[in-house]
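Visitor: Produce the entire structure from the sequences given, and follow the hints as far as they go.
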Amino acid sequence: MEKENRFKLFMPPRLSAGQVSAGRSQGFNRCSDDDFKLPFDVWSRGEITDSDTISQQVKLCSEVDEENPETMNELFSKLYKEAEKIKQWKLTVETELNQKERKLQENRKIIEAQNKAIQELQFENGKLHLKLEDEICENKDLLKEAAASRHLCNLLKETYTRFTEKTSKYEQEKEATIQLYEELHSNVERMTVAFEELCVQAENDRLEMSFKLKEEAEKVDKFEKECRLEVSQKEKQIPALTIQRDEKDDVIKDIKAQLQTSQNKIADLMEAKLHNEEMLKESQVSKEHLRVELEEAKISLQKAEVAQKNLETEFQTTVKTLIQVTGEKEEQEEECKKMKALLAALTEEFETSVANLKSLLQEEQNRLKKSEDDSKLLTLELQNKSAELEEMTKVKCDKEVQLEELSETLKEFHGLKAQLTSTAEKEQDYLKQLVTLKTDLEQEALKNEQLTVYLSKLSLEKEQTAQEKNAVAAELKKLQEQQEDSKKKEDNTKQLVENLEEANSQLRNELESLKEKMAKTGEEMKSTLDEREENMNNLKKQVENKTKCMEELQQENKVLKKKITTESKKSNTYEGKVNKLQLEMENINKQHKEEVDIYKKDIETRKVNENKLREEVEKMRLLCDETAMIQRETDARCQHKITEMVALMEKHKNEYDKLVEEKDAELKVYKMKQQKQISSERALENELSCLKKELSSLKEQLKAEMEEKENFVKEHSGSMIPESEKKHKSIVSEEEMFKNLYKDYPQASQLHSTAPKKSPAPCSVKSPGSALKLKTMRRMREAGWTALSKMDRKRKIKDAVKLFA
Amino acid sequence: MAESESQEGNDYNRGRMVENIKTDMEELLEEMEKLTVRAAWMAYSYTAIQSNADLSNAMQHSEDAFLMCKEQMEKKWQEVLLESRREREKKE
Chain L
1 MEKENRFKLF MPPRLSAGQV SAGRSQGFNR CSDDDFKLPF DVWSRGEITD
51 SDTISQQVKL CSEVDEENPE TMNELFSKLY KEAEKIKQWK LTVETELNQK
101 ERKLQENRKI IEAQNKAIQE LQFENGKLHL KLEDEICENK DLLKEAAASR
151 HLCNLLKETY TRFTEKTSKY EQEKEATIQL YEELHSNVER MTVAFEELCV
201 QAENDRLEMS FKLKEEAEKV DKFEKECRLE VSQKEKQIPA LTIQRDEKDD
251 VIKDIKAQLQ TSQNKIADLM EAKLHNEEML KESQVSKEHL RVELEEAKIS
301 LQKAEVAQKN LETEFQTTVK TLIQVTGEKE EQEEECKKMK ALLAALTEEF
351 ETSVANLKSL LQEEQNRLKK SEDDSKLLTL ELQNKSAELE EMTKVKCDKE
401 VQLEELSETL KEFHGLKAQL TSTAEKEQDY LKQLVTLKTD LEQEALKNEQ
451 LTVYLSKLSL EKEQTAQEKN AVAAELKKLQ EQQEDSKKKE DNTKQLVENL
501 EEANSQLRNE LESLKEKMAK TGEEMKSTLD EREENMNNLK KQVENKTKCM
551 EELQQENKVL KKKITTESKK SNTYEGKVNK LQLEMENINK QHKEEVDIYK
601 KDIETRKVNE NKLREEVEKM RLLCDETAMI QRETDARCQH KITEMVALME
651 KHKNEYDKLV EEKDAELKVY KMKQQKQISS ERALENELSC LKKELSSLKE
701 QLKAEMEEKE NFVKEHSGSM IPESEKKHKS IVSEEEMFKN LYKDYPQASQ
751 LHSTAPKKSP APCSVKSPGS ALKLKTMRRM REAGWTALSK MDRKRKIKDA
801 VKLFA
Chain E
806 MAESESQEGN DYNRGRMVEN IKTDMEELLE EMEKLTVRAA WMAYSYTAIQ
856 SNADLSNAMQ HSEDAFLMCK EQMEKKWQEV LLESRREREK KE
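So the protein lines, in turn, are chains L and E.
Read in the working numbering, the first sequence has 28 at position 28, and its numbers run on one by one without any break.
Read in the working numbering, the second sequence has 894 at position 89, and its numbers run on one by one without any break.
Please note that a few of the clues may not be correct.
Estimated spans, in silico, between C-beta atoms of each pair [said to hold, decoys possible]:
{"hint": "1", "chain 1": "L", "residue 1": "Asn139", "chain 2": "E", "residue 2": "Ala844", "range": "32 to 42 Å"}
{"hint": "2", "chain 1": "L", "residue 1": "Glu666", "chain 2": "E", "residue 2": "Asn825", "range": "49 to 59 Å"}
{"hint": "3", "chain 1": "E", "residue 1": "Ala845", "chain 2": "L", "residue 2": "Asp205", "range": "50 to 60 Å"}
{"hint": "4", "chain 1": "L", "residue 1": "Leu128", "chain 2": "E", "residue 2": "Ala844", "range": "50 to 60 Å"}
{"hint": "5", "chain 1": "L", "residue 1": "Asp205", "chain 2": "E", "residue 2": "Asn862", "range": "21 to 31 Å"}
{"hint": "6", "chain 1": "L", "residue 1": "Gln172", "chain 2": "E", "residue 2": "Asn862", "range": "21 to 31 Å"}
{"hint": "7", "chain 1": "L", "residue 1": "Ser696", "chain 2": "E", "residue 2": "Asn825", "range": "46 to 56 Å"}
{"hint": "8", "chain 1": "L", "residue 1": "Leu128", "chain 2": "E", "residue 2": "Asn825", "range": "26 to 36 Å"}
{"hint": "9", "chain 1": "E", "residue 1": "Asn862", "chain 2": "L", "residue 2": "Ser210", "range": "28 to 38 Å"}
{"hint": "10", "chain 1": "L", "residue 1": "Gln172", "chain 2": "E", "residue 2": "Ala845", "range": "15 to 25 Å"}
{"hint": "11", "chain 1": "L", "residue 1": "Asn139", "chain 2": "E", "residue 2": "Ala845", "range": "37 to 47 Å"}
Honestly, the hints are just simulated from the structure, not real lab data.
Glycine is no exception: its CB is placed at the ideal position from the N, C-alpha and C atoms.
Guide: Below, the structure written as structure tokens:
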């Protein structure tokens, strides 16, 4: 190409190739790289270079005329050299082209072989695919069978487990049955053994019974023999017994006779009893006579009683004396009562004084409490402090008065203390007198006791006489018992009784006199002794009492002295306290005044603060009211808005629901569209496969047409080898052109690059896309043919240029 | 490609399943053998228990003994009584 361009340069002889070629060789060198790839561009550049050369030729024509002819020869030689070089270059290029064409053919063959191999592989792939599907089906079937077998295995396992459970149960039951069998066997054996034993025992029993029967028979026989012997013996004994019986009958008769005699005797005795009873009655009559005599004795006794009464009169005299003494005692008691009354009055006076004092103390306490309350009120009440201060001063005066009164009361206390001591002393004297009177009363009581003792003694004597009477009655009874012996004894006894009674009376009198005397003497002695003892006791008691009183008085003196000292101390303490209280009161007054001033200032400040706070409170209330109103308004607004929003929402709910439904429908539509697109894609794929087939057919057609073209070119001229080559080139370029054109349609490029395949899936499906594809194919064909036509035109132009050049 | 991968996984799982099935089947066979052994032993034990004539023999022996006892008890007491009566008659 360089040399062709150089030919173009050197075609006009006017040019000076030196400067021009140097300048253009660079451009040509640039073009050398793109020889075979872009024939259009080359030819286009060739046209451009022609224009450039023409322009440069015009420029150089003017410059070349100036050069020498020597250079022309050199140029011609260089031209010849370069022509030769060009020819050599042509040859080399042609050889290279041939080689390359061979390589291309070889590559095409290789491609065809590879395509065939690919087809075979695709066939095999299809077969393998079928096999795989079959195997997949078989595997699925196997899986199903395996699942079924697994299910069966599971069932078998379940049945196995059940069987094992049942076998275990069977085994348990078998063991139980074996045990039962064994037990039964053992029981049966025991039964057999027992039965055998029973047989043996039965035999033994039978034998024993037989032996026993025999023995008993023998015994019976023996017993019979013995009985017979005894019968014979008893028969022999019978006459002897009859003789004895007769004898006994005789004895019985004698006894009966004796009984009769005894009965007669009993009757005689009964008569005697009756006689005796009559005698008893007579004795009883005598008893009555004796009783009368006893009554006479009683009369005598009554006389004695009269004597006793005399004694009693004497007792009465003594009683009178006692009464006198009691009267004296009563007088003394009256005096004592008077003294008691006086003492009571004094005690009452003391109690009243004590009550008064207590009341005064209570009043003082109350006053103190009041004063304390007043002081508290002072501390609490700030507003009336001035009046309260005055009141305090008044209270002070009152307190001073009270203090004076307290001092007076203290003085009174001292006087009262003295009075109390005097009254105590008086009470002590009166107590002494009471003690003496008590001793006298005790003495008289003792006397009374003595008299009672005497009376008891007399009663005892009476009882003794009664007892003697009883004894006499017993003696009388004894005499009555002796009446059976003789009546004389009764008379004698009477006489004796009379004598005895006389003696008894005399003795009684004597005894009574003696007893009286003895009693009197004893009484006198006892009285004297008692009096002496009483005197002694009284004296001792008086001494003891006096000593006790002295001790008590001393103790009381000590106690009173202590009380006095304590009270004096208390009074001193009270005075000190009063002084302290006065000082405290003064201090408190000062403090109160200071506090009053402070509190007044505080009150003023607090009032100011209160006013400020009240103003602020009013402001805050107003603000609160305003805020409340605002809140209410806002709440109302919010509620209105909320209601409006709710209404809007409710209104829009339907719209939103509709929108939602529409969107759902759209989603469904989009899904349907997607599904349709997927189906369309699948259909497109199917159509692509169909197109592949068509392309293969088209390729075959193209080959056929190319062959026709080649044949047509061969028919026209043999020199058009380069044209055929060019057509080959053009075929190659067509392929390249198709590739360039089909860049926009990659699917078609694939179809163009690959050989037609035998697609396993039949492209029986026809869709509207197939029409589009056909249209595209037609466009591509037309573009290719137009390109070819353009190429033909360009070649023709170039050939023409060459020819004309 | 995804299908091939899933197929490969299924193949792996299938292999595992096949192996598991083989092992399970072997275990089941063993268990079934054991079960058959147990069933045979059960049948043998049944027959052994049923064929065991000890109880029946023992029962028969017991029955025989019982009957013998009865007979003895019934007869011999009567005999004893008769003998006793005879002896009495003889004595008289």
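Visitor: Decide, hint by hint, whether the structure agrees.
Guide: Here is how each hint holds up against the structure:
Under the hint 32 to 42 Å, the C-beta atoms of Asn139/L and Ala844/E, about 38 Å apart, fit the expected range. One distance hint, 49 to 59 Å for the beta-carbon pair Glu666/L and Asn825/E, holds here, with the actual separation near 50 Å. Range check, Ala845/E to Asp205/L: about 55 Å between beta-carbon atoms, so the 50 to 60 Å window is met. Remark: the range hint 50 to 60 Å for Leu128/L to Ala844/E is upheld by a beta-carbon distance near 51 Å.
Judged by the Cβ atoms, the range 21 to 31 Å given for Asp205/L and Asn862/E holds: they are separated by roughly 29 Å. The supplied range of 21 to 31 Å is met by Gln172/L and Asn862/E, whose beta-carbon atoms lie about 27 Å from each other. The hinted window of 46 to 56 Å between Ser696/L and Asn825/E holds, with their beta carbons roughly 51 Å apart. Between Leu128/L and Asn825/E, the C-beta spacing of about 29 Å keeps the proposed range 26 to 36 Å intact.
For the pair Asn862/E and Ser210/L, the supplied restraint of 28 to 38 Å holds, since their beta-carbon distance comes to about 35 Å. Checked against the given bound of 15 to 25 Å, the beta carbons of Gln172/L and Ala845/E, roughly 19 Å apart, stay inside it. A hinted range of 37 to 47 Å for the beta carbons of Asn139/L and Ala845/E is consistent with their spacing of about 40 Å.
In summary, this structure violates none of the numbered hints.
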